[in-house]
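Could you slot chain R onto chain Z? The hints should help.
Residue numbers (the numbering used here), protein chains in the order written: chain Z, 245 to 420; chain R, -8 to 242.
For the record, the hints were derived by calculation from the structure and aren't laboratory data.
Just so we're clear, the structure is a prediction, and the values are computed from it rather than from any experiment.
For each residue, glycine too, the CB sits at the ideal point set by N, CA and C.
Do not rely on the hints blindly, as some may be mistaken.
[Stated by the list, open to error] Derived coverage of chain R by chain Z (criterion: at least 3 residues anywhere in the stretch with Cβ under 8 Å from a Cβ of chain Z; other residues may be distant):
| id | segment |
| --- | --- |
| 1 | 145 to 152 |
| 2 | 172 to 185 |
[What the hints assert, rightly or not] Some chain R residues close to chain Z (C-beta under 10 Å, calculated; not the full set):
| id | residue |
| --- | --- |
| 3 | I19 |
| 4 | F131 |
| 5 | F195 |
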Amino acid sequence: MNSSKQLRMTVYTSLFVAFIAIGAFIAIPVGPVPIVLQNMFVLLAAIILGPVWGLSCVAIYLLIGLAGLPVFAGGTSGIGKLFGPTGGYLLGYLPAVFVTAGISKGLGKKMSSDVIAMLIGSLIIYAAGVPWLKVVTSMTYEKALAVGMYPFLIGDALKIIAAAFIAKTLRPVIKL
Amino acid sequence: MAHVTPFTYRQGQSLLHLLDVRCKFFIICIVSMSLLSAHLPACFFYFLMLLFFFKKSGLNIFATLNSIKYFILLLFFVFIARALTVKGDIIFSFYGISITGQGLNEGFLVAFKFFLVMLTGLLFSTTTQPSSVKSAVQWFLKPIPFVPEKRVAVMISLSLSFMPVILKQAKEISDAQKARCADLQKNPVKKIIRLVLPLLKKTFLSADSLVLAMESRCYSDDRTDPEFLPSGKEIPFLIGSFIISLSLVWL
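Isolated chain Z, as found in the complex (with noise of 0.2 Å):
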């Protein structure tokens, strides 16, 4: 990789570090649960940036916030967050990031590779989050699930479906 194209995915990388910094700011109003959108741009880091840049991003985004930069939900940060009770989710983020990427790039970037590479992102998500969650809080199954992937599923899936369109028309705009 020579190094303008690496000052390039550098700058780009940083930028949706920043992206998933302020996701749980942006949050568009439908129904009763506002849809936060901030696991959508760790997905479209995967499928846009790849394997390695991605992780690069998820890693970078969770070191400054154990560093005790303000850029968890709510304008949180530091240890307590990241082992407190919603830490298994930002956690999943690391290996939801890799496997997503790796799903979309090995079956080729077609919209329909990335909508099952970024479901089974979400699904690593949870499955690192919910489970934490029930440890953390010591709920039963039954009641981690209702309160930490229920409420979002739907959620979820309409945010799949916007990011494939989204990274279809991106892709041609960014020079990768």
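Leaving out everything else, chain R in the frame of chain Z:
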């Protein structure tokens, strides 16, 4: 983040403001870790100490509590869940749901600990400049192999400077669409696309010109190391925090 949240940096000249940021990192790590295995009296003692430092740094504790009210609500749920599920001496019960003394105790302790760790992090982020956080991250990543710490530091400062720009553009785009009655759109997928797509396009184009600007100024990863300005009170603070964490674990 365009508006001032309680977590953003506030200028000041207090003891915590002047303390070296690396030292603050160390203190936060060891205190947070030891807090997790602390008992109730130690937690209360630590809470009083936090209040003292809040006062000292010129922060309003009530405004702070108000702004993290959703987090406190979440902690309340944690408390309820513990109170209902932990087995022990039953205080009262109805319809098969019973609240136990042990459950109340343990639930309160867990919720209180999360609250304290949160307040500690908040105290850190309000008294530390983002740029010095970046330098500290670079300093800590240096001994770790295969991590390009200088590039990571550049990426952190880039993304920090992108954040207000993106928020401003998101506001502009949604205002422009409101003026064109985009609120009437009922399809949520279209709603998301119409906000995010122009936002991403705009910011990526401006990122392109940023890349060009950096290239034409011969940017490279080989950069000058950041300077730190220790206030000279780091050693007593480190010793003090060691003593506090040890007493948190043993008390």
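Right, here's what the structure says about each hint:
no. : hint       : result
1   : 145 to 152 : holds (count 6)
2   : 172 to 185 : holds (count 5)
3   : I19        : holds, 7 Å
4   : F131       : holds, 9 Å
5   : F195       : holds, 5 Å
Hint compliance for this structure: every hint is met.
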